[in-house]
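A.B. asks: Each chain, written out:
There are 2 protein chains.
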Amino acid sequence: MQNDCFNFKLEGQDGKARAGEIATAHGNIQTPVFMPVGTRATVKTLTQQQLLELDPAIILGNTYHLYLRPGHELIERVGDGLHGFMAWPRAILTDSGGFQIFSLSELNKINDEGVKFQSHIDGSFHMITPERSMEIQRALGSDIVMAFDQCPPLPSTPEALKTAVERTLLWANRCCEIKLRPYQALFGIIQGGLDLNLRHHCMQALLKLPFAGFALGGLSVGEKNQEMVDFLDNFVEHMPKDRPRYLMGVGTPLDIIQGVRAGLDMFDCVLPTRNARNGQAITHAGPLSIKRGEYKEDKRPLDPMCRCQVCGTHSRSYIRHLYMVNEYTAGTLLTYHNIHFYLQMMREIRSSIMEKRFDDYCQEFYKSYICTL
Amino acid sequence: MQNDCFNFKLEGQDGKARAGEIATAHGNIQTPVFMPVGTRATVKTLTQQQLLELDPAIILGNTYHLYLRPGHELIERVGDGLHGFMAWPRAILTDSGGFQIFSLSELNKINDEGVKFQSHIDGSFHMITPERSMEIQRALGSDIVMAFDQCPPLPSTPEALKTAVERTLLWANRCCEIKLRPYQALFGIIQGGLDLNLRHHCMQALLKLPFAGFALGGLSVGEKNQEMVDFLDNFVEHMPKDRPRYLMGVGTPLDIIQGVRAGLDMFDCVLPTRNARNGQAITHAGPLSIKRGEYKEDKRPLDPMCRCQVCGTHSRSYIRHLYMVNEYTAGTLLTYHNIHFYLQMMREIRSSIMEKRFDDYCQEFYKSYICTL
Numbered sequence: 000m001q002n003d004c005f006n007f008k009l010e011g012q013d014g015k016a017r018a019g020e021i022a023t024a025h026g027n028i029q030t031p032v033f034m035p036v037g038t039r040a041t042v043k044t045l046t047q048q049q050l051l052e053l054d055p056a057i058i059l060g061n062t063y064h065l066y067l068r069p070g071h072e073l074i075e076r077v078g079d080g081l082h083g084f085m086a087w088p089r090a091i092l093t094d095s096g097g098f099q100i101f102s103l104s105e106l107n108k109i110n111d112e113g114v115k116f117q118s119h120i121d122g123s124f125h126m127i128t129p130e131r132s133m134e135i136q137r138a139l140g141s142d143i144v145m146a147f148d149q150c151p152p153l154p155s156t157p158e159a160l161k162t163a164v165e166r167t168l169l170w171a172n173r174c175c176e177i178k179l180r181p182y183q184a185l186f187g188i189i190q191g192g193l194d195l196n197l198r199h200h201c202m203q204a205l206l207k208l209p210f211a212g213f214a215l216g217g218l219s220v221g222e223k224n225q226e227m228v229d230f231l232d233n234f235v236e237h238m239p240k241d242r243p244r245y246l247m248g249v250g251t252p253l254d255i256i257q258g259v260r261a262g263l264d265m266f267d268c269v270l271p272t273r274n275a276r277n278g279q280a281i282t283h284a285g286p287l288s289i290k291r292g293e294y295k296e297d298k299r300p301l302d303p304m305c306r307c308q309v310c311g312t313h314s315r316s317y318i319r320h321l322y323m324v325n326e327y328t329a330g331t332l333l334t335y336h337n338i339h340f341y342l343q344m345m346r347e348i349r350s351s352i353m354e355k356r357f358d359d360y361c362q363e364f365y366k367s368y369i370c371t372l
Numbered sequence: 000m001q002n003d004c005f006n007f008k009l010e011g012q013d014g015k016a017r018a019g020e021i022a023t024a025h026g027n028i029q030t031p032v033f034m035p036v037g038t039r040a041t042v043k044t045l046t047q048q049q050l051l052e053l054d055p056a057i058i059l060g061n062t063y064h065l066y067l068r069p070g071h072e073l074i075e076r077v078g079d080g081l082h083g084f085m086a087w088p089r090a091i092l093t094d095s096g097g098f099q100i101f102s103l104s105e106l107n108k109i110n111d112e113g114v115k116f117q118s119h120i121d122g123s124f125h126m127i128t129p130e131r132s133m134e135i136q137r138a139l140g141s142d143i144v145m146a147f148d149q150c151p152p153l154p155s156t157p158e159a160l161k162t163a164v165e166r167t168l169l170w171a172n173r174c175c176e177i178k179l180r181p182y183q184a185l186f187g188i189i190q191g192g193l194d195l196n197l198r199h200h201c202m203q204a205l206l207k208l209p210f211a212g213f214a215l216g217g218l219s220v221g222e223k224n225q226e227m228v229d230f231l232d233n234f235v236e237h238m239p240k241d242r243p244r245y246l247m248g249v250g251t252p253l254d255i256i257q258g259v260r261a262g263l264d265m266f267d268c269v270l271p272t273r274n275a276r277n278g279q280a281i282t283h284a285g286p287l288s289i290k291r292g293e294y295k296e297d298k299r300p301l302d303p304m305c306r307c308q309v310c311g312t313h314s315r316s317y318i319r320h321l322y323m324v325n326e327y328t329a330g331t332l333l334t335y336h337n338i339h340f341y342l343q344m345m346r347e348i349r350s351s352i353m354e355k356r357f358d359d360y361c362q363e364f365y366k367s368y369i370c371t372l
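Chains as they are written, first to last, in numbering that gives the first Met the number 0: chain W, 0 to 372; chain U, 0 to 372.
Looking at chain W on its own, in the form it has when it is part of the complex:
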């Protein structure tokens, strides 16, 4: 552990599922936690006021996007980092930039030094190394900083997975050399695809470094959902118990429940925000596509079991109208509801773990969510 602000304590357990609390310089985070994605210093379609109403303890910012626009140096000059720049008083996690470099940019060259790539916006050339990623995240001033890793898609050859792990380890060591802000905590990322031995090898090596938490990267990147679930069931319990466990970029409500069941603490995903903008509400009866003609005159809220402001105010009919005529507000209302759904689900999951009835919670959830899928 690198600082006094960051701390993790386990508060309850039910089977392998854990309930805990992460302390940061920008407030405490009850886990399991879902982190809404605020890619470019905003959770898309929401104002920070709306976000505060929804009450997430932590949100995520994307280093790659913020580095390109408006630039981490501007963010540091104007706001002394992301908290000030976007006026977000609570915790922020930034990714390392690696995942987006691999998925969005025109990749030019990757070697042990780092990654050379062209911006997806203007084709300009950039080089990100582990050191550079740390410098950028230091400027952004996030509470949780992610190590710069290499994330291969699945399926990959065993050789490619092994190379990615070795490079991830090399880079992890170099990330730990860079001084961050006093309150920033650095998480290591475990790679290795679906290969349990390779994952264990990666983790053991990372454990020698002073990481404040560990993430599983390289999942939900092309493998079958059941493969991911099986891997989590077999691996997560072996991760250190005294530090937060973060499953990167996952996923659906069902994925998150499986992740919690396997012993994970932290999750992030664009699903609730991106799908909202595509007209999908996540409800207790499964996903609902507001475009469908059947909702044209439906006076019910998006989710009759939901207590969010949108469900307390508006009908499916009204939101469908806004969506069909391309009003921005449709995206806002659906995003607001979806984020509320995810955060409320995490609160209920946590209570059920504390009260040792997590299995019952899951059965209840499945009964309503899956029967109607």
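Keep in mind the hints are simulated off the structure, nothing from the lab. Treat each hint with caution, since some may be false.
[Unchecked claim] Sample of chain U residues facing chain W (criterion: CB under 8 Å; computed from the structure): (1) Phe84; (2) Glu296; (3) Arg299.
[What the hints assert, rightly or not] Some residues of chain U that are not near chain W, with every Cβ distance over 12 Å (derived): (4) Glu134; (5) Pro152; (6) Ser155; (7) Glu158; (8) Lys161; (9) Lys178; (10) His237; (11) Gly278; (12) Asp297; (13) Leu321; (14) Glu326; (15) Arg346.
Glycine is no exception: its CB is placed at the ideal position from the N, C-alpha and C atoms.
Got chain W sorted already, so can you dock chain U onto it with the hints?
C.D. replies: Same frame as chain W, but now just chain U:
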């Protein structure tokens, strides 16, 4: 006057400028008033929750747009009108649909019977008559219903203006024959271009009908700004003193001040909302284009003299970033500020009239607003 819910009382006067109060079934409206435009059952980019924070006493809905999508009958079935459909508890004014038919649709035929046109969305054929406009607005259930009029562009030939006036009068008579909801108040629209005699002729004829208020239509439709201002200065004082006077579709803060000075009570305009989406903030120092490079690292709020939530929270630099990367939230933040600016201006104008210092208010306003234009 047609009902017991609607009432207008004059509460103060300073020169020709008036302060009053309109009572409706959905709350009281202090005048002079600005009505944010909620074209398709939403004030673009804002939720109703945000709109309630901004606290307008009345908003406007567009009959043409709502008739086409989702349809007034759906709105009546689902929400018993617009208030229920969009969950807006306060007053609503609907226009007659005429202005948009003339400006947006493919016009097929206009005669004394009504207007035949093709939808700008799918080319479908529609016919709107005065009777039909009243039926649609009755279904929408707005508090203030506008008579169906013919609005010619400026400049028009004297003959065209005269024809439009005669048709407007013919239609006004037919509008008054249609039974509305008990709480709905019908306003007449005065046409006649910049011709004072024609305007007076139109008004005298409309005065024989039981209208609850009178609007000036056919302004800000191509004439020079000074021509409009001169016309208002010469005409408005002759309009009935015991009923609200509404200047349709106008305008900039300066236009509104001129309108109030001439004795008008009600205003609506898409400017604060549309310009917001195009990156323009309306400030005490005049309009500000957030795109400009000079704001890139500007830590000041959009308008340092503004007390809205956006100006209390965010820097120009942050909002510029959101705008430059096309984040929806840029439009939301700028709209929120602009609507606040207009509503706050109207509150200050009203106080200054009540305290007989309207001229001082205007001088103050001009000093900061115009010097920097």
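A.B. asks: Confirm or reject each hint.
C.D. replies: Comparing the hints with the structure gives:
| no. | hint | result |
| --- | --- | --- |
| 1 | Phe84 | holds (6 Å) |
| 2 | Glu296 | holds (5 Å) |
| 3 | Arg299 | violated (11 Å) |
| 4 | Glu134 | holds (19 Å) |
| 5 | Pro152 | holds (27 Å) |
| 6 | Ser155 | holds (32 Å) |
| 7 | Glu158 | holds (38 Å) |
| 8 | Lys161 | holds (38 Å) |
| 9 | Lys178 | holds (26 Å) |
| 10 | His237 | holds (41 Å) |
| 11 | Gly278 | holds (15 Å) |
| 12 | Asp297 | violated (8 Å) |
| 13 | Leu321 | violated (6 Å) |
| 14 | Glu326 | violated (5 Å) |
| 15 | Arg346 | holds (22 Å) |
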